[in-house]
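These are the residues of each chain, in order.
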Amino acid sequence: MVERRSILKPDGTIVPGSKPRMDEEFLLEALRLMMLSRAYDERVIGLQRQGRFGVYSPGLGQEASIVGSAMSLDPSRDWIVPQYRELMAVVRQGYPLELITATYMGKTTPDTRIPEGVNVLPTQVALAAQLPQATGLAWGLKLQGKDAVVMAYIGEGGSSEGDFHEALNLAGVQRAPIVFFMQNNQWAISTPRRMQSAVPSFSLRAAGYGFPGVEVDGNDVLAVYDVAVEAVERARAGEGPSLVEAVTYRMGFHNTTDNPSRYLDPAEFEEAKQRDPIQRVIKYLTAIGLWDDERQKTADQEVAAEIERVVEAAQAQRGVRPEMLFDNVYERPPARVERQRAEFLKSVNGH
Amino acid sequence: MVERRSILKPDGTIVPGSKPRMDEEFLLEALRLMMLSRAYDERVIGLQRQGRFGVYSPGLGQEASIVGSAMSLDPSRDWIVPQYRELMAVVRQGYPLELITATYMGKTTPDTRIPEGVNVLPTQVALAAQLPQATGLAWGLKLQGKDAVVMAYIGEGGSSEGDFHEALNLAGVQRAPIVFFMQNNQWAISTPRRMQSAVPSFSLRAAGYGFPGVEVDGNDVLAVYDVAVEAVERARAGEGPSLVEAVTYRMGFHNTTDNPSRYLDPAEFEEAKQRDPIQRVIKYLTAIGLWDDERQKTADQEVAAEIERVVEAAQAQRGVRPEMLFDNVYERPPARVERQRAEFLKSVNGH
Amino acid sequence: MPQRNIVEAINNALVEEMERDPRVMLLGLDVGKLGGVFRTTTGLIERFGDRRVVDTPLAEASILGASLGLALSGMVPVAEIQFLGFTAQGFHQIGPQLAKYRHRSRGRFPCQVTIRAPFGGGIRSPEFHSDAVEAQFVQSPGLKIVMPSNAYDAKGMLLEAIRDPDPVLFCEPDRLYRLGRMEVPDGDYRVPFGKASVVREGDDITLVAWSAASELCQRAADTLAADGIEACVVDLRTLVPLDVETLVKAVAKTGRAVVVHEAPLSAGFGAEVVATLMEEAFYDLDAPVARVASYDIPFPAASMEHWYLPSLERVVAAARRTVSL
Amino acid sequence: MPQRNIVEAINNALVEEMERDPRVMLLGLDVGKLGGVFRTTTGLIERFGDRRVVDTPLAEASILGASLGLALSGMVPVAEIQFLGFTAQGFHQIGPQLAKYRHRSRGRFPCQVTIRAPFGGGIRSPEFHSDAVEAQFVQSPGLKIVMPSNAYDAKGMLLEAIRDPDPVLFCEPDRLYRLGRMEVPDGDYRVPFGKASVVREGDDITLVAWSAASELCQRAADTLAADGIEACVVDLRTLVPLDVETLVKAVAKTGRAVVVHEAPLSAGFGAEVVATLMEEAFYDLDAPVARVASYDIPFPAASMEHWYLPSLERVVAAARRTVSL
Ligand SMILES: Cc1ncc(C[n+]2csc(CCOP(=O)(O)OP(=O)(O)O)c2C)c(N)n1
Ligand SMILES: Cc1ncc(C[n+]2csc(CCOP(=O)(O)OP(=O)(O)O)c2C)c(N)n1
Ligand SMILES: [Mg+2]
Ligand SMILES: [Mg+2]
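Protein chains in written order, with this note's numbering: chain A, 650 to 1000; chain B, 650 to 1000; chain C, 89 to 413; chain D, 89 to 413.
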């Protein structure tokens, strides 16, 4: 049996004897991001139902895992390589939420791309393809003597892809400064965790590449943060990669096109809700006197206001224009492509 | 540290307390196959140098690993899925050596293919591509209630491919009756084992898929056989896959186009020779009175005669003919392909 | 006769074939309880159980490689790749392995494997989901490539595919999945490979297409007809085998042609169609054969896909231009 | 001026570029002490050390994916895939990732990556090693595809490839690696992409080819000349960008053309060449453009490859036939 690291229990109490690294101020910031994540998901699912938002995979239930891991990084030098369900991690890293929102609203323009200086790679839809890329990024930063660490995200589903193996093995050989952070949310669309692998804990895979693997309660932001900081410090110290398995639960649909009622056992779902990552932080902070109804109300209002600001700012972004269609394919496009571009512009302008 | 299973030490003595499963008669048969393998390699390398044999990867130094693993199978029901360096395993399984030899001599005809009823898949040049195929084969045999086990070979180099991971993971989920038999011969062409992976023992990877992994001295035919039998029995009993890492050494070049002097440390090579898998069997049999110079001479003669017979039989096979070029692409070839075939035959016959 | 859309036709073909042949099994991502992301496999796991309808780990190369091995063991696997673009993850198991395995084994090991995969633009899918990469597989001899454009063909060609002793890549046009129903009989019938269908007769120009572009060409032919231009529409139905005869006959008759596809222009299968016409119909051509395709750029974000994909306007304009030459 | 064969020209380009630009690094299988299976990287690890010349684990997708990441970090990776056929194992990291990454990131992350890979038949290689799969990559917009046929071009185009801010697939014709030397200057020069070379002038017919088939066409032109047929030979040098102008000009002048390639016929890049000629040179054509290619079957065993590959006889026969029409 693999130990599952844990600090903050579902009932909001601390595992006796544990000393979280995260101080209270930092925890309040984590809670704010987790609340923002939850409220944002709910808001944009609404927008999506109105046809105003693209296909979206919410982070519902995984907020501790997403926020706790991202907070272990120094955005000014470290990098995040996301899959697609780590929105708040990317926001914390510096990619403004209004630009991400605008992108989901169809404003896929250069204005809303990842800004210069923000150390984030684009969302990866082709599962696990980001991992060899992340290894290469970490290896290259190390070759250049930079003090940077890469945090690469992967789902337990994506971890079945060959790219997972190749990326971890290469990272091990090159002792690349990278943390492979797996969110095991028990589902890959409709495929349950037990059909994904016979491995009892995905963290065991790390041993197959010669570096440490850790399993952590992914709904426990304090433990996630601790484990992530250890892995980041290890990487920064030149000791190479780690694999973290954050055991969590997808408390929503896979994405806005999904219908979990076809495959999900409602009892399991209800049970999972008892382990909510946000509630336990609120209980804990309440117990130590740092949270109450008043604070909750203020926080809810602030989050709601922030989301409104974001949605409005996103709406104010300019939309796509035909001239953008051919942009950013090549720095020096082939003549044939230039000609197609000219024909295209003539044809759309002709209308 | 992972235990390396061992029974027969390099000096020909038995590890105290160990009880090999292989009885003496079986060991004599193993020795014969190992000697045949060694002598065959030497002979065909000569043929290759004369331009009479294709590109060839000898099994030099790996005879115990190849023969010991294959002997754990029942050729009438089990299957072998080779990479390309397991010639004697495939022969033991029933693919006649003269047909393989003929193939290497350019007689790549339907006459020399794997005969009906011989449970062997073709040599796989695209490394690790055989593994998901082997998993599918084992899974399918199980679905049909057959009592068969698949032995799939892979090099430590090939095990870095994504296909390795995908195949083992799927086999774990389906509890497929398969043994993944890795020959870690320390080299992938010129790439040394330490550049291949940071894992201290490849057998550790099995834990990442939820089934057992074993490391064994690959130059010890008794231990290889034991470990293989255990894995085969486990698979046959419905308990699922195993991974075996046979630690051995490539006592020759990668293949007949290779020049190891560019990368090999001669001292390491000499040291490896001390662990020769054949010599230790001879020492052991000599000590227990089952081998002597006389027997050696007879055995050498028999092996030499067998190889001559094989080479002659191979030479007597008919060669390729133009009519074969278009064979076995489709059962019902598209009209365009039929037309190309007709044109081709006209053009070659026109000459 | 029962009316079915493409999703229903495929589902019906799978049900009937699994009833008929106990060796047939399905494997892929989410093909079980979910019934596939487009619901083509709805109800199958309930009917045939989880040994014959298998949700696999998320790993395309192993879905494809295992299908090969399953076929060698005596099963008849129908593998679903969730979107055609993700065949890239298992590319090495298709052209070099599945397609070549009969040849590699000198006839000992044919592979009766069907790979199903939806693809195509126009439904605002995320990245990679729309990529029309069919032409990349034509350079993989041994593989057949099937591109139905309607429910009747989809059922008849899927039955043909599953029974074909060689591997078949069966590409499903997701934009058309539920675009209306047509008569699709219950029970066994097959649409043979290598027989293009002349969907519409017309003397002025021939429009050549496959899959969803065939539906587009039929709409374009309607528009052209309003203009007095009578377009013949040829739906190739399979790229391999290519029905050179029907293609050449149709184009020779009209002397003019436009080939339409969703894949990028350069080295799309349209090039092969044009090259074939060059070889076989040169002296019958009154004007150069034109191509209307997506541009030589990556499939864009959903908000821009309507600019990227071949449009009714572009097809009509190309046809008018070609007729006027 | 120094005489070099292709292996030496490539080695020289790598040495000079690594001297010039400290960001350039090599990675791949056996590129270190062995110097690559064809010795193109001989001496580089000794000169630049094992941080800039890296033997990787045996895993093509990670070589390619890591190259993308290395490029994003600020390095300039030159990845070697041991044989072009094994790009299949990393196919998903090329077209969908490397080629699209600039686009996927809306310009934020260009990928200055070169992928080198030998390929081609005629040297009795084992399975997969000879596969001429270049056309499969043309449907990957964002990628440039470079196919040198001689040592001068090899050096000049490799320097251009490494410095190109976009990803380049650089395919090396292994049959020609050591087939003789030519003048290849020391020091910096570049052969730009998208400029075909008219290797030989001739008024009767144009032979179009790239890579090793270009050498074959030059021999065919010699044979034809003995017969009184003067063939112009156009070496495309790059498939993407395609030099439509030079191609069309040459073919328009002769009115007749044969396209020759090692890949199987159907949907080989020859189809694109013919389709382009259809579009751009139709009215100048006196006869249909012909194609000579490998057959639509898998690359056969070494003992049969001479029957499979386009031969001098087939090229000459096709040219004679086309001239006679
Ligand atoms: C290579 C590839 N195959 C299939 C898909 C389709 N797909 C999108 S998300 C998904 C499930 C992913 O599960 P997991 O990795 O666990 O991430 P989660 O959605 O649970 O966060 C699948 C199958 C894809 N995007 N990429
Ligand atoms: C997918 C793939 N990549 C590269 C090669 C080229 N290649 C042939 S053998 C070999 C080394 C294999 O090493 P290993 O798997 O350890 O087997 P060994 O030769 O040591 O038996 C390489 C790189 C190949 N055949 N297939
Ligand atoms: Mg998941
Ligand atoms: Mg090895």
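Hints should not be assumed to be uniformly reliable.
As the list claims (entries may be wrong) - Simulated pairs of lysine to any residue, SDA-like, Cα-Cα distance not exceeding 25 Å:
#1 K995(B) x Y371(D)
#2 K337(C) x D374(D)
#3 K121(D) x P909(B)
#4 K121(D) x R692(A)
#5 K337(D) x R692(A)
#6 K946(A) x R692(A)
#7 K283(D) x R981(A)
#8 K283(D) x A314(D)
What the hints assert, rightly or not - Chain C regions said to be covered by chain A (calculated; three or more residues, Cβ under 8 Å):
#9 112–122
#10 300–311
Hints listed in this document are in silico derivations from the structure and should not be mistaken for laboratory results.
We treat Cβ as the ideally placed atom computed from N, Cα and C, and that holds for glycine.
Hints versus structure:
For the given pair, K995(B) sits about 33 Å from Y371(D) by alpha-carbon distance, which is inconsistent with the 25 Å threshold. Between the alpha carbons of K337(C) and D374(D) the distance comes to roughly 22 Å, so the proposed pair stays at or under 25 Å and holds. Annotation: proposed proximity of K121(D) to P909(B) holds, straight-line Cα distance about 10 Å (limit 25 Å). About 58 Å separates the Cα atoms of K121(D) and R692(A), which puts this hinted pair outside 25 Å; it is violated.
Taken as a hint, the K337(D) and R692(A) pair is broken in the structure, with Cα atoms around 60 Å apart against an allowance of 25 Å. Restraint check for K946(A) and R692(A): satisfied, since their Cα atoms lie roughly 18 Å apart, inside the 25 Å limit. Taking the CA atoms of K283(D) and R981(A), the gap is about 14 Å. The hint holds against a cut of 25 Å. Restraint check: the Cα-Cα separation between K283(D) and A314(D) comes to about 29 Å, which exceeds 25 Å; the hinted pair is violated.
With 5 residues bearing a CB less than 8 Å from a CB of chain A, the stretch 112–122 of chain C meets the requirement of three and the coverage assertion stands. Three residues within the 8 Å Cβ limit are the bar, and the stretch 300–311 of chain C against chain A gives 0, so the coverage statement is violated.
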